[in-house]
Amino acid sequence: MKKTTSSLITLFISLVIFAQGEANIWYFGENAGLNFNNCSPFAIIDGELNTIEGCSTFSDANGNLLFYSDGTTVWNKNHTIMPNGNDLLGNPSSSQSAMIIPKPGSSTIYYLFTVGAETQSAGEPGFNNYVIDMDEDTGLGDIIEGPIDLSQGRFRDWTEKVAAVKGAENGTFWVLSYAPGRFYAYKVTSDGIASSPITSSAFWANDRRGYLKISPNGTKVAIAHQADGAFLTYDFNDNTGRVTNELALPLITEGNKPYGVEFSANSKKLYVHASNDAFNSLLDDNPTDPTHISTLFQFDISLASDFAIINSRKIIHTGELFRGSLQLGPDRKIYRSLARSYTEGIPLLGVIESPENDGVACNYQHATVGLLGRFSTQGLPPFIASIFSQVQIIAESSNGTQTNINNGETVEICIGDSISLFTESLSGTASYEWYYNGGRVPISTNEILTLNNITSADIGDYSLVVEHIDLCGNTNTLESEFIINVLDPPIVQSPITFKNCDEDGNPDGFTDFNLQEASIAIIPGNTSLVSITYHLTFNDADNGTNFINPIINNSVACVVYARVENATGCYSISEVNLETSTTSFPANYNGESLETCDTDAINDGLYIFDLSQVSNNIINQFPNPNLSVHYYRNLNDAELEQNEISQLYKNETPFSQTLYVRVESDINGNCFGIGPYVTLTVYLLPEFEVIPEEIICTNLTIPVILESFNPQGMYSYSWTGPNGFTSSLPITTTSSAGEYTVTASNIASNGTICESLPRTINVRESSAATITLNDITITDDSLNNSIVINNSNNNLGTGDYIFSLDYEFGPYQESPIFENVSLGIHTLYVLDENNCGLTSIEVYVIGFPDFFTPNNDNINDTWRILGVNKMFYPETSVQIFDRFGKILAIIDGVSEGWNGIYNGEKLPESDYWFKAKIINIDGTIRNKKGHFSLIRR
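Each residue of the sequence shown is one higher than the last, beginning at 111 in the numbering used here.
Simulated from the structure, these hints should not be mistaken for laboratory data.
Note that the coordinates shown come from a computational prediction; the quantities given were computed from them, not determined experimentally.
Every residue gets a Cβ at the ideal spot worked out from N, C-alpha and C, and that includes glycine.
Take every hint as true, because none was put in to throw you off.
BS3-like, lysine-lysine: derived pairs with alpha carbons at most 25 Å apart:
| hint | residue 1 | residue 2 |
| --- | --- | --- |
| 1 | K213 | K187 |
| 2 | K297 | K213 |
| 3 | K1025 | K980 |
| 4 | K996 | K1016 |
With beta-carbon atoms standing in for the labels, derived distance ranges:
| hint | residue 1 | residue 2 | range |
| --- | --- | --- | --- |
| 5 | F657 | L867 | 50 to 58 Å |
| 6 | F657 | T565 | 26 to 34 Å |
| 7 | D197 | T555 | 52 to 60 Å |
| 8 | A471 | G429 | 13 to 21 Å |
| 9 | N700 | P735 | 21 to 29 Å |
| 10 | S665 | P735 | 28 to 36 Å |
| 11 | N316 | D468 | 29 to 37 Å |
Work out the full structure: start from the sequences and follow the hints.
See the structure below:
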């Protein structure tokens, strides 16, 4: 709990020893096993597991076996194969073929992670997961899901490495694995395994073999790349899953190919079991082969510099051994697997009795742990590293909420809080020493360290050293470090008086208050940086319970309490006294008025007013300084200070609207007066209509009448044109084209003159067409005779023209083109659409008929040239021949034509030939030869 007021609640931070039983049963090698449930481990021989390298075992918190695996098969606690427990994608030849972790928040679900081996064929290796439900098979367990591929598409080059540790976040784990050049960290929560891993770049190793371990305190990673001869450490962030700060630790002696890796329980010492990797000899499996050399190294990774860590390397043991693994046990000792060759094991283990001591003081005992005739090979079962962590910090609040705080983390506490620090009850005996800021003299030797009413003087580094003797007589030194950081609460004003005006129509001293408006008085400055809640009692505010609606009437309570909490969770409490104001507007004050013509774009009685124009007049009604005016739509909003409107406000009721004003103190928000004291009035502009365009005919002398019509009132007018003012009447005339503007004005009730928005009339010129034959293009004597009028340069005039051929009254067309025109003389009509006049002209479409029928029916009785007349074609002549070239007739082109008679006799039906010469008035000669048919019917 974080606070600065009384009634303090204690924050408990417990340091929990992880002497859990999950790692108490081991199965490994050739049917070998160890049981750690008594003070000293003893050999067990009931296991079915037979593996050269990788294996994994898991028990419950009491040390009762649950199941174990070599990565391909899972056996239950009865040593029978679990349902669906065959043909898993791990491999007994994988360095760390399997890793088991429980699902957070579940007592029955477990995850089995497997990695393949370098010897597997393509498609088999990789990083996979299986889900085991211990409720199945009458409590013996069943694999209910898997394999689930976690290889991110890299299953073919995945390595033989996997490790796990508890996450910084309560109820989480990190499962870490490696593929060349990159670490992959999967977060495991109560929701399951994250779908995407956190990746970190790393050394590119070509060999897949060797172990990967995380330190028990979750801060370091060590990895062995055997054939590459690379042994490296990294920093691990158990909050983010990131792996950083690579450091290579060089090995010496002939046995310098790292394989097994392990940290001491206090995470300060690092051990590596390396060998000469003599695997290519034909004598590899010979148990007396002297070519197998192994060395056990120690590094002190607690030192301050990389140089110091590298130079802390010590050789603990060297001998004729094959490679092997290292594993921290529940007794805080590190066990070493022993093998003579790849396939030949040894019925004993080595053990580092005191792995937290320097150099040979770690007391390595070679081949002293018996296995009752069963054989150790190259592997030992890995576990969640944090199972062996010496301490874990748990922060528990008074309501039972627990938060894990890892070793070295920072505990943030508010000024005024009190905390108690203690470890859980330990079996055996223990002594306690609490230290502050690196001091050599403990500040307390009590089991519980209590810090009351914390101040900034309590900021610093704290450490606890516990000398613990367990029931087995083992002496352990347990250490934990943490930092206390003290946080400031919000600075508040308390008590404050919050006044509101009693303007609800009942002067009884009671009215509604909007407590949110008291914030400015409680915490001057930026209130967005805090959260404020209101309560009827101090205890409710102190506990953060029973929030009240910020809209409250002081008849319910005249005192409320504001809880002000900042982003760090620290809070302060302010007492707020609710009072009604005794001030008000003067009795003779009639308020302010803002009036305007509706000069915006829309004449709708709505307008944007600048309310600040009357603010000073309103403030001047009060003698007090430091006042401000706030505007509202109604009394309720003004009283509760809600839905305030801005000083640039567009009235929402057309033509007239009254606003409420609230005058209050800028210092504490106290109300000085509320009332309906601003009236907004909008006068409509004069409304009328005009025809936006008029036409003046330049070929006529009639002036154009311009007029306004449909006025909505009695107005004065003003007309202006290209030459300035023209008229003050509703109507004016003009004989000139151009843009004419008219405005109307009237006088409002208060004498304000409102002038309309200007209306514009565009007067443009038009005229009847002036057309000649030069404006016309005729295509005749063709399959498609046409007439085209050319007006591309407005050569016909300024009008808008439509056209008709032969029909004065239409129909007319907009197109100036006529096609498929018959032979002969036609009249073309050009009409101005603006009623400026009609123009006509004759056009001539010349043609030579293909036949004639002289039967006196007045239809084609003669043959002649069509489309010519004496005016336009003054000279025409035509000679007509028979087929022998005999001239039968000579006719004028404008005569009635030849009737088919020669020398008084009717000529028979036949084809006849002609030769024509046509000369127009310009002297242009046109010659034509052809033939036609005489048809008698």
